[in-house]
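Here is how the chains run, residue by residue.
There are 2 protein chains.
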Amino acid sequence: MKKLINDPRDAVRESLAGFAAAHADVLRVCFDPVYVVRADAPIAGKVGVISGGGSGHEPMHGGFVGQGMLDAACPGQVFTSPTPDQMEAATCAVDGGAGVLHIVKNYTGDIMNFEMAAELCQARGIEVQAVIVNDDVAVQDSLYTAGRRGVGTTVLAEKICGAAAGRGYDRGRVAALGRKVNANGRSMGMALTPCIVPAAGKPSFVLGEDEIEMGIGIHGEPGRERLPLPPARELTAHMTEAILADLPFRAGDRVIAMLNGMGGTPLMELYLVYGELERILHARQIPVARRLVGNYITSLEMAGCSITLLKADEELLSLWDDPVLTPALRWGI
Amino acid sequence: MKKLINDPRDAVRESLAGFAAAHADVLRVCFDPVYVVRADAPIAGKVGVISGGGSGHEPMHGGFVGQGMLDAACPGQVFTSPTPDQMEAATCAVDGGAGVLHIVKNYTGDIMNFEMAAELCQARGIEVQAVIVNDDVAVQDSLYTAGRRGVGTTVLAEKICGAAAGRGYDRGRVAALGRKVNANGRSMGMALTPCIVPAAGKPSFVLGEDEIEMGIGIHGEPGRERLPLPPARELTAHMTEAILADLPFRAGDRVIAMLNGMGGTPLMELYLVYGELERILHARQIPVARRLVGNYITSLEMAGCSITLLKADEELLSLWDDPVLTPALRWGI
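Those protein sequences? They're chains A and B, same order as listed. Numbering (my numbering) for the first sequence: 668 to 1000. Numbering (my numbering) for the second sequence: 668 to 1000.
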């Protein structure tokens, strides 16, 4: 294992220390228990929006903390759910009297711990509501999940719910928007290489010389199939068709498209795949209204990519366009 | 070789097509000859600022085209200089009557081709001036370079010269600022893994299981030494001390710091190294006035990082803070 770390046991904490130093203008990091929080939290009268999950998916979620997106994020150990005490402390830290929304990716540990945290907070008199993201079309049930896994749509839900909370919408309305994003968002990913969890020291799976895993999860969970690496054109068509057929997306549907890198794939390849994606959508008469290309929800140094499409009406597009100022997404400010 | 491409011969062109589709609000890509140009170029009365170099270093340079930074960028084939006709066409496209500045990294091919392009443009009546960036402290002379290589400081020079041109400074003053940035900027990089040029299909060098290359160039050119991977704390100290001793940077000097990923290293590790860097600078009483952490000047999927420090006075900091709107750097707009 070759990684730029000191002791694997300290990697998450030391990375967060560097993250805090780099973005002190936007956020701060609390270390006992561990959570990332907007520098100006809590904001009186605003619904707090928080998320969390295992580390190793950076910039998600800490990189989305800031004005117009998340109020706080709870990072667990690498690929491991954060604990209820982290979520409870983060929820208390961002409650401005209007309650808090938990955006939770559908992994059994995350769901269980966020539910426990919600109960603890409700006992303290903080109103908490949860939105579950389960957008991965690749497989039903998985290594850490009953039902579908939560992946790329989480990023879009965090942006849109954050914007809604920033406009002063009440908790019910922000939660309804989160559910709307999840209902209209679909994703699928693939990997060229595995990644190594620092504490494990070796890859969690192995791929052959010319083999890919189609439909992989963000922790390396098995996908639909292993196959020889096809040209980018076929690969993109394969993923896009699976996504389009699932909702289904129809001619005339406008979408927010995210072409996401898994961490180890260079931007040159991501843009090439994005070009293929736009070509396919254009041929299907599905206009791309907004887009993101880059590393947003990653799996450490895994090479590969994922595609997320969100069918977006005027309401979602308008919230998407609201200003945002976080380490990883920034516009209009 | 596992890459998300179709035919290696088309990879640069197809990637640029996706890049153009993703960022049509900011820029457009011309394909014959190939260059990336601001959507609103030329801007009457403003000095044009352009750069260029081999592809495979994305987001540099195309990702820095836009308001407040570059007017155009010329991408060559992977790790190969662009040609004079590309540079000539880009220079003509951005000349708004106040002349054009070429920001050139110190590689023999780049220097030669930019010089030839400058002569062609001058023959057409366009005033052209060049700034050479040669900030890499690792080695004197190299595989493609006489003298020092041009690396991370290029990003900072493009931001600061772009801001100066945006303020309406004349060509001489913008060029002088570029030289000032180069005179005060120093960098050093290291690699954990090699990368594969698509047309070659195999790594250009090999590293042992636990071995790193300290002082590597952005095309995999040899550095100072190969050594066993040290903990991140020692590794960061090694690179930082080499940089600090070179200028030299002294207690009280304020710096713009860039902790740059080579492409294949996850953000989690980059932030960890950034934390170590800030700790070292703090102990040396060198305040970090501004910072960038992420992938800015990469080597395809190479794992590793580089550190750039720029001694910055009020003038440079003020230009740094000017608004910028490009695919890869964005603030204040």
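Just so you know, these hints were derived from the structure itself, not from any lab. One or more of the hints may lead you astray.
Which copy is meant is left open, so a pair is good if it fits within one copy or across any two.
SDA-like cross-link-like pairs, simulated, lysine to any residue; straight-line CA separation at most 25 Å [stated by the list, open to error]:
hint: 1; residue 1: Lys847; residue 2: Phe698
hint: 2; residue 1: Lys847; residue 2: Val806
hint: 3; residue 1: Lys847; residue 2: Ile799
hint: 4; residue 1: Lys869; residue 2: Gly712
hint: 5; residue 1: Lys669; residue 2: Leu894
Checked hints:
| no. | hint | verdict |
| --- | --- | --- |
| 1 | Lys847 x Phe698 | neither (34 Å within a copy, 41 Å between copies) |
| 2 | Lys847 x Val806 | within (21 Å within a copy, 56 Å between copies) |
| 3 | Lys847 x Ile799 | within (11 Å within a copy, 52 Å between copies) |
| 4 | Lys869 x Gly712 | neither (47 Å within a copy, 58 Å between copies) |
| 5 | Lys669 x Leu894 | between (27 Å within a copy, 13 Å between copies) |
Checked against the numbered hints given earlier, this structure breaks hints 1, 4; the rest are met.
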